[in-house]
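S.K.: Each chain is listed here by its residues.
Number of protein chains: 2
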Amino acid sequence: MSSPPLAVCTLPTGPSQLQSLFEPRSVALIGATERAGSVGRAVMENLLAFPGEVFPINARHDSVLGYQTWASLKALAKPVDLVVIATPAAQVPEIIRDCVACGVRAAIIISAGFKETGAAGASLESSVCEEIQHHGLRLIGPNCLGLMVPHIGLNATFATSMARPGRVAFLSQSGALCTAILDWSFRQCVGFSAFVSVGSMLDVGWGDLIRHFGDDPRTESIVIYMESVGDAPAFMEAARLVAGRKPIVVIKVGRTAAAARAAASHTGAMTGSDEVLDAAFERAGVLRVNSIEELFDMAEVLAKQSLPKGPRLAIVTNAGGPGALATDALVNHGGKLAELVESTLNRLDEQLPAHWSHANPVDVLGDASAMRYAEAFVAVAADVNTDGLLAVLTPQAMTEPLATAQALIEVTKTTGKPVLASWMGGAAVDSAREALNMAGVPTYDYPDEAARAFQFMWQRHERLRWLEKTNQLACAERPVMGAARDMIVSLQRSGRTLLNEIEAKSVLALAGIPVLETHHAGSENEAVTLAARLGYPVVLKLQSPTITHKTDVGGVHLDLKDEGSVRAAWQGILRAVPSAAFDGVTVQRMIRKRGVELICGCSMDQQFGPVLLFGAGGVWVEILQDRVLMLPPLSPELALDRIRQTRIYHALRGTRNQAPANMETICDVLVKLGDLVLAAPEILEIDINPLIATADGVIALDARIVCNRGS
Amino acid sequence: MSSPPLAVCTLPTGPSQLQSLFEPRSVALIGATERAGSVGRAVMENLLAFPGEVFPINARHDSVLGYQTWASLKALAKPVDLVVIATPAAQVPEIIRDCVACGVRAAIIISAGFKETGAAGASLESSVCEEIQHHGLRLIGPNCLGLMVPHIGLNATFATSMARPGRVAFLSQSGALCTAILDWSFRQCVGFSAFVSVGSMLDVGWGDLIRHFGDDPRTESIVIYMESVGDAPAFMEAARLVAGRKPIVVIKVGRTAAAARAAASHTGAMTGSDEVLDAAFERAGVLRVNSIEELFDMAEVLAKQSLPKGPRLAIVTNAGGPGALATDALVNHGGKLAELVESTLNRLDEQLPAHWSHANPVDVLGDASAMRYAEAFVAVAADVNTDGLLAVLTPQAMTEPLATAQALIEVTKTTGKPVLASWMGGAAVDSAREALNMAGVPTYDYPDEAARAFQFMWQRHERLRWLEKTNQLACAERPVMGAARDMIVSLQRSGRTLLNEIEAKSVLALAGIPVLETHHAGSENEAVTLAARLGYPVVLKLQSPTITHKTDVGGVHLDLKDEGSVRAAWQGILRAVPSAAFDGVTVQRMIRKRGVELICGCSMDQQFGPVLLFGAGGVWVEILQDRVLMLPPLSPELALDRIRQTRIYHALRGTRNQAPANMETICDVLVKLGDLVLAAPEILEIDINPLIATADGVIALDARIVCNRGS
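Chains as they are written, first to last, in our numbering: chain A, -12 to 698; chain B, -12 to 698.
Derived DEER-like restraints, expressed as beta-carbon distance ranges: (1) Ser114(B) with His345(A): 24 to 34 Å; (2) Gly53(B) with Asp417(A): 27 to 37 Å; (3) Glu421(A) with Ala390(B): 37 to 47 Å; (4) Gln645(B) with Tyr523(A): 22 to 32 Å; (5) Glu513(B) with Asn319(A): 46 to 56 Å.
Some chain B residues well away from chain A (every beta-carbon gap over 10 Å; in silico): (6) Glu337; (7) Lys400; (8) Asp655; (9) Pro668.
None of these hints come from the bench; they were simulated from the model. Yeah, the Cβ is synthetic: ideal placement off N, Cα and C, and Gly gets one too.
Produce the entire structure from the sequences given, and follow the hints as far as they go.
M.R.: This is the structure:
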């Protein structure tokens, strides 16, 4: 790892709790058997290669495959570090009881037949849970393939082959996928420091494993195939601690499965969605990829290459087409092509034939010798405008693939910038590719893959920057928001969960968020008096204990210019809703300011806690779905970082007819919303929609808050 | 090809002009030499395997590599079908003259050193052009690798190996990439009906080649690596003729390179952009992919599998994780997961263990036998809600990969729906994969790739549907737009190129597009009189022969409620601009209708001719960049098809506060804009922005038209 470790508030201490799982000196296999095709036999055969002690346990036979067996753990009467269980599920609770009794510290339950099979299985699982409680026995599984630690020769799985040793810790929630990954790893020469099928994560989960491999000196990167996040706080805490030191790369499936939840607010509908997960990964410094190939590629590249200091890639190539392919892929993934400085262009003009490309990608032409290629590469690598380099080569008549690779390798030793390579073609470039790989230069079959990899490297750089800032924030004191919270708690005590507009705005005002002055009118005359006091034109809105979408029922009357209109509006609202739903109206000034309509909100995600939302507001919320999510606490800088990723940000920067909005005040709303929900965990949902942003500042025109029922 | 050929207006007749290129009986090589490492020797060695006659031409030696040579084509004095030229560029014009003199019908100029090297090379190229004019000699190159026709044993390239025979015609604009592709094709067992490096396309271009391979019985699909589209009308015409019969799959690089052009209108800025190319590909039925791997994969799959009748994919799997991977990829690429009907679910409940997934993806569980898998597959394939099937298998303890594949193959014979497969893992599934491939079921290493392939298949179905409709349109008479064109022509004759708002609206009104009544006022009093006649409130806008962005200079005054405001606005505009830029004002009613602001426009692309634009209008044009491009002529149905792809379409469907817009009238504007620019080729750019759309219809509030200078 080339990146420096980040400052964090707490550091893990002491040896990992999981040492007995991943570095056992002795292993017992319960369910060892000779029966052909059985899981117990497959595990037994794999364990026989383990250089430590192996104890097959079988109550009915004295030996298995010619090896002595013991009737039970108790009968063995020796200390055992790790117990592997491959028996029918029904026997597992008793076996776990034996493990506890014998002082075993770690077990793997390979057996299936637990909660995934229904109620009876779930009850078995509960029994296992009870057995391990308060006993310090750590458990992987149930319903998993097992685990491998290639460096110590441990294969405690029923897979048919042992993983290669390497520097990647692979954790998979799908046992079935493990087999395919293992096979893929042989073809691609990917090696592992550990290969773990996590199963149902009854005990050991992502958090434990990430912490363990974060401290494991043999592990350079942690790669996860995830179906569910499980214990989210544990995952987040561990990832935040480790991600600064080692890349954590995740493929999480189910991106599209989460159905939108019916909720009282736009923000509430986000809860449990895949977008929340993305925000959490960003917060924790975790890199998310979309395919198995990217998963391992990034694990290798991120562990071996220094990260780029900026997003600008320079491409050197001996053919135009592959350079264009790489450029397209780079830009499509949000990357930037470096603009070479004048002096570099001049230097290349001197070095290269007259019809070189005269820009990045630098096409050194099809007849380039190794020397011409390398000279150009040196010039480009030295350019202050380049943050990383991609070298592309196709074998043509005069091409020297190996000599070019060797020259390139020399240059990479001193550039201090990441270098990726794509030597295209087959046998003609094989030895060159090998040389590049040996020298730590990642090679790709196609230059577009390389360009995408560079973009992921830059993304990791950005994640680390974000992680550093969020870790600083996590250490800092946050405002207590005393007055706002007191109001929430007092409303909650009086049995309220859905706050009305006036209450919601009061809470926000107490939190320091600018809101439009709004008053309640219990009678037509009171509405008229208030309108006169606030100044025409005004807006009348239904106040209702039950109806949340006021516009739908004709409960909103805008731009009322005189007393007559106010009286008509009162009557209109009164007639439009049942009397039980009518609790008078609110009166506020009509705001005519031209400004950008935004939505800012917050909701409580069951897994990740409070999540903030920012996006295009008003009627555009549903049409554009232009929004970003963030986890609090935020700093203004972090908020702005995310706001920049929306389309509505372009509107905030000002248009032909409109001055730029005051960004500071927008960021401040998000920071304060974050502080509010952290201080007042009673809040389930907040929607400020619209928040009007102008050059002068922001103001919340409407707001909604939902609280929980209290305990 | 399973799809029926489409009706087209004209069909190609007679034998292909390019027969001598791709089916020569005799080949002469000019520049044949023994010199090691030379292009001439490499081509010579490749040609020696050709079963037809081969004549090496060399003026200085009697023999080359032991074969008799001739001093020149004239000295040979025999008819030659194809001449391959591998001499220095300077000699090429004279050689071409000899070819013409000897009645040669086809030549390949491998030599480089033409226009890509500068002015001298370009002049050589012109000489070659002159030589072949009016002589019927067809030419590939210059600056290319050559071509291969594996079926007839012709390798007229300097590549080191011969392509495998197959059913894909591969056309590449990058010679350097050819080598890499060839190598890739050996590893992937991809075969070719022809393998053509097109070089600079001095003569034979995409149009010729697409037509030729469209008629070639050995070619099932045409695959193109494209850097520039060259003769766009020829490409479009050929693609439209052929795409209905054979898939044309293109990877076009330079997607991100085209810089936005400075233009007087939003629509004009699109010209020459990659988005125009996408619109043209869509119009011509061409499928565009993003990577080399997709290029050939789709060529194979589209040629072999029947197309889905709808977008709904069902996934059968023996493991949850890979099913989730496939689902994510499908939905991310815009695909749809089939919703199984009740009776299918009931049938699966009977067939499968209780804890199957109870939904699509159908997880038949890890211990599924071949029979259980196949029974479930039959049930899912029979479901009326499924349009295609993806079978996923990972090798687990009880899995029967080959038997499952064989059972699956039986089912595919009768489903009538496309079936893709992903048998994951290595040696354990190799024989099963081979069996699937042999039976015409495409297999993928990972299920996400398969899901993406299905989405491309559906896209091809949609392209064919679109192609059928556009071909019908191309056959139909279009309105002549006589009055509108007369006005354009008369304005053009008077030296006008930038029409003012009133003129532009008049042209649009003559074309049948609803515009807001707008009048010119040359004096303050005239403005007041007009305002009174139209009715307050009104809008005053600068009329200027030079200033196009009126708002920027303070030339637009909205919502003027009385005479005083109108007079103040007149004075304000008068003061704001230099007198030369002031040509009075326009007066129109202020439209207060709540509606959706759209932009509709048209511009003349240098390559593809008129291109229509539809999108979010007003200030949102630049902020959202939410737009689609289309080539005219359009039908209302085709227009709606594309409108549906924008985000603003969601606003047009109606929101909480607003009734749905009248879609017919919006489509009508696009159809008429298309007819207008086809009828009046003098028009360079039209921008209608905003076009206000409401439930009642549409109205153009502002418009701009730019014409060319005339001849």
